[in-house]
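With the hints as extra help, turn the sequences into a complete structure.
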Amino acid sequence: MSLFPAYLDSTTKSSSTADVEANEEQKVVQSEWLKNSSFEPEASKLIDNLIKEDKKQEHEANVRISYRQYKKLHGKKKKKKDKKHIKKIIRPKLYVDQILKNCDFVSIDCKRELGNLKVEKLYRPAAPMFRVSNKYRVLDNQGWTYNSFKQKQIKRYYTLKEKDYGDRSIDINIEEDCLTQNKMLINIPKKIQNEDNDIEKVELNSIKCENYLTELTAGFNKHLAEQPNDINSWIKFVNHQEALYSLNRGYRYKCKLNKKVILEKQIAILDKALSFNFENDQLLDMKWTLAEDYFTPEELNKELLKELEKYSSSKSSQALLWCHYINVNQNSLSDCTTSSVLKRYSDAMFALSKIKRGLPLNEQFDIQQNIIELFVKCGLFLRQAGHYEQLLTLINMYFSISINHFDNDLIEKFYIESSDDIIFDNELKTMPLNKAWYQVESLRSRDRWLPLPKHMADDAEDPQRVVLPEEMAELVQPLAIHKSVIANLVTACFILLKIPILPFRHFVAYQLGIHKCHYYLDSLEIVLSSLFMARHFEDSNFGEKKASNALLVMLNTAMPPNYYEESISSQTYSRFLTSILRHITDCLYAMDYIDEANMFLVWWLRFERYCMIVNVSSDNSHLVSEVKLLLGKPHYRNNIPLFIEFALLKNQVGKKDDALKILQKLIDGQSVLLDNKPVYLNDTYRAPYTAIYKNIVEILIQSECKEKALQTLIALATGVLPKNANLNLIEEAMLVFDNVTESILKDKEQFAYCDLKYNYLPQFLIEWVICRAWFLYLTESVQTSVSMLKDVIIKIKNIITTENYQKNHAAEEILTETMIVILNYHCNKSKTYHKELKICLRSAISKYSHNMQFLFSMVWNETKYGGFGTPLWQIENVYVDNIVAENMETVRLMLILVGRERLRIASDVARKHLNDNKNSMSIYGGGNILDVCKNMRNLFDYFIRNLSNITGMKKCPMFWRLYLHYISETSPSDYKKCFYEAVENCPWHKFLYMEAAFYLLEELPNICDILVEKELRIHITHEELLVLRED
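Counting along the sequence shown from 1, when you hit position 956 you're at 956 in full-length UniProt numbering, and nothing is skipped either side.
Don't take every hint at face value.
[Stated by the list, open to error] Only pairs whose alpha carbons sit at most 16 Å apart, straight line, appear in this in silico EDC-like list of lysine to aspartate or glutamate:
id, residue 1, residue 2
1, K498, E417
2, K354, D462
3, K628, D675
4, K343, E1015
5, K655, E698
6, K708, E698
[Said to hold, decoys possible] So the derived label-pair ranges between C-beta atoms look like this:
id, residue 1, residue 2, range
7, K454, I231, 48 to 58 Å
8, I231, K655, 51 to 61 Å
9, D335, E474, 17 to 27 Å
10, H965, E474, 33 to 43 Å
11, N877, V261, 25 to 35 Å
12, P469, S316, 51 to 61 Å
13, V624, H965, 34 to 44 Å
Keep in mind that the hints were calculated from the coordinates and are not lab data. Computed from a predicted structure; not experimentally measured. A virtual CB, placed ideally from N, CA and C, is assigned to each residue, including glycine.
So, in structure tokens, the structure goes:
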């Protein structure tokens, strides 16, 4: 064969014929390589592509192998389960019916209680005992049949983080090692997409949290550099640092160190934000709230003094900084004394009054409102420290300088000389010293709350009962005599005197400046004020009032003086409150403040109704006669709001027919006042008359008279009397309701202001929309009614946003209340719509955390329909969006009361069936009730102990009182430790010391010494009591 195939023919010419044929065949075979693709154009590129594909496949194989090795070493091994084929077992329907007849009670778990996953310890009440299996029964045409399904696994804690951060796509360089990129690598890449520059886009189910947080930080830095005046972004950036702390928390000392580093970073961010937004109160408040945990009290005092000099010319920032400066001293266990705290309050009020000098009257309102806020906080401090004599003197002085014709000597007229007969009681002498001291101190606090009259000051045995006006003069600043200022001042004074706001709404707390004051929750009046609206939720049967009964337990925490007992002192205090309130209204009428006077008269009548609810008193004849005498006066005869409250008072005592007669008489006289025109066409009387119709409708609906209620609403829309209304005019009434609502919303100026009148006096927009909501509920459905209310609320929000008015108007909150009331009523009657109710409550509570009606609805829903298995922190997550919500102290207090009610029910059942486990299992669906009770107590213990670590709850005195009461029942050995923890956070609260003395005999001398050192009010020391007992 030739070396070169091209010369093959020339070398074979002399060969034989056979050789020629053989050579030709060989030539054909060997010439095929000339057609190889290597001779085609761009063949080298194809070869490179093949090499790259081989390397890529090899790299992917290496990644998979390394990932399997990583999971084998560090991952959680799954147990292999043999899947068994489950045959379809058909049961006859008659067989199933016979089983159901023999079963006492069957309940379906619709809430997916985790406790029901346990085999013999079921938590939901009246739930049948069952076995957890991968089989379930389906009702077929032939009966109940067994089908198999894959059991759903309970998600672990880290899946929540994955849910928060979401499934994302990240860019990874091919040449980097995947295991070093992310030690939290969970899944193998699912999708691979080729892109340029050797970068592949890998979609993962979970990524490392630090990478995502780093991207967020970069995004915040870029956005804030471009828009430094975006306040919400600054706040989100500060809160974003908490996520970094949660990832690098560590333990013990390292945890504290990391926390301090994060706090320092947050304060630095806020300093930069304030450099662009100098007088923003939101950023300033956030900075100094964080600084309380970062600096020591001495360092914080110095920093705040520098800041006060920096903001010396600012109005609102000055008030905010002074509040933080006062809190530093008040919250410090070593520095807190009554004189030092009052000195800071007086300095703050003087500084603010100095700023308002020379300003026009319209610019002074904000400063005067800040002074009233300081006055409220100062009064709360005096009340919690036990200095009632100083508090009453301060209130008397403010009334004297702000309200014309006020009687300065009115308080002295209620003075009653109290005796010390209890000290000489033989039973007291045999008591342990600590309990005897608690008894004497409580009785003297209850009886000796008034300052001594002037003529008795020289002969006083207790010098603290003598309070001269000169001592409190520095805390009194003159206020402008203006309607809104006077209304806020009088409201603040009566709150300090323990008259709750009725109903207690969020916008009222916001206007008085107590929505961010953690320590205003010191008395039970705020919690019990939710009972005022209980008639919208509960039946008249007392046994069905589970929510009310859960809250009435708070009566055991009443601090003296109060009006809940039957003692002479309590009755005197109640008469003192009503006399002061009535005298203030007379003075306001004399000053020609008619609306303000009517507002406080309505408050007085509601307060009387509140006392009936709490005390469950039966003799109300004296009150009824007093109200009739008031309404008989000439200037009250046309006061429709007072007549409405009188009718509701009658309804409260069970006289529904009398209440309807009163309201019907008012409607019968509308033709004279309204000139035979429909209610909505009269601008003067349309608001009160619409309120009359609304209250008639609500009373009728509660009495299940829905046809009469619908007839009343048709009469309101058509302009005729209710007895003449025709039920065939529903479409015409619907059209009137729609048109009038649209015309009212066109008046945008009504949303420019929001004052306390919205809480007491009827407003036409609110009353009309409420009537329309009930009309839609009665004629169409609950869904239509709720959708209409949501639509109106959204329109109000849009008006406020476009016109740049103050946010969170009272109309939004009150209409949201109506939506909750309608949903509650529907749930109570039809046993459905609980999911929609919880969704609405979550939105409402997150936005209006101080609205007690929303919180009562939550308690009602959980005590009546909730099970034992849901932990309290899960209930909080159901009803509260923690990203939006602020100031959650009130919500958590209500959850504590829910937990206490659960424990009470479980302990009662456990006591009843202590020796009969079978009965207890049949009642609660399985498991020993003793185990159920123990598990519930453990869950409650975990919840309440974790609350003690939250900053807001630490400054809440009522939380510490409930917490210490729980500790005294469950683990008395921990009481001393918890008491000193409570005192460290609330060193000014006298009643914490008193209750601790009742349980800690050995700590009584130390407690009395602390009370004297802190200058808190103490009527007798333990040494004085020892001397008196010996005598």
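(request) With a cut-off of 16 Å on the C-alpha distance, tell me whether K354 and D462 pass. (result) violated, 37 Å
(message) Check whether the Cα positions of K628 and D675 lie no farther apart than 16 Å.
(response) Measuring from Cα to Cα gives roughly 28 Å; hence the hint is violated.
(request) Determine whether the Cβ-Cβ distance between V624 and H965 falls within the hinted range of 34 to 44 Å. (result) holds, 38 Å
(request) Check the following: the C-beta atoms of I231 and K655 are separated by a distance inside 51 to 61 Å. (result) holds, 54 Å
(request) Please work out if K343 and E1015 have their alpha carbons no farther apart than 16 Å. (result) Satisfied, since the Cα-Cα distance of roughly 13 Å is no more than 16 Å.
(request) Kindly confirm whether 25 to 35 Å is satisfied by the beta carbon distance between N877 and V261. (result) Given range 25 to 35 Å: holds, Cβ gap about 29 Å.
(request) Look at the Cβ atoms of K454 and I231 and judge whether their distance stays inside 48 to 58 Å. (result) holds, 53 Å
(message) K655 and E698 were given as a pair; does the straight-line alpha-carbon distance stay at or below 16 Å?
(response) At roughly 15 Å apart (the allowed maximum being 16 Å), E698 and K655 satisfy the hint.
(request) Note whether the CB distance of D335 and E474 lies within 17 to 27 Å or breaks it. (result) holds, 20 Å
(message) Next pair to validate is K708 with E698; report whether the Cα-Cα distance is within 16 Å.
(response) The hint holds at about 11 Å.
(request) Given the range 51 to 61 Å, decide if the beta-carbon distance of P469 to S316 lies inside it. (result) violated, 31 Å
(message) Please check whether H965 and E474 have a Cβ separation lying inside 33 to 43 Å.
(response) holds, 37 Å
Checked against the numbered hints given earlier, this structure breaks hints 1, 2, 3 and 12; the rest are met.
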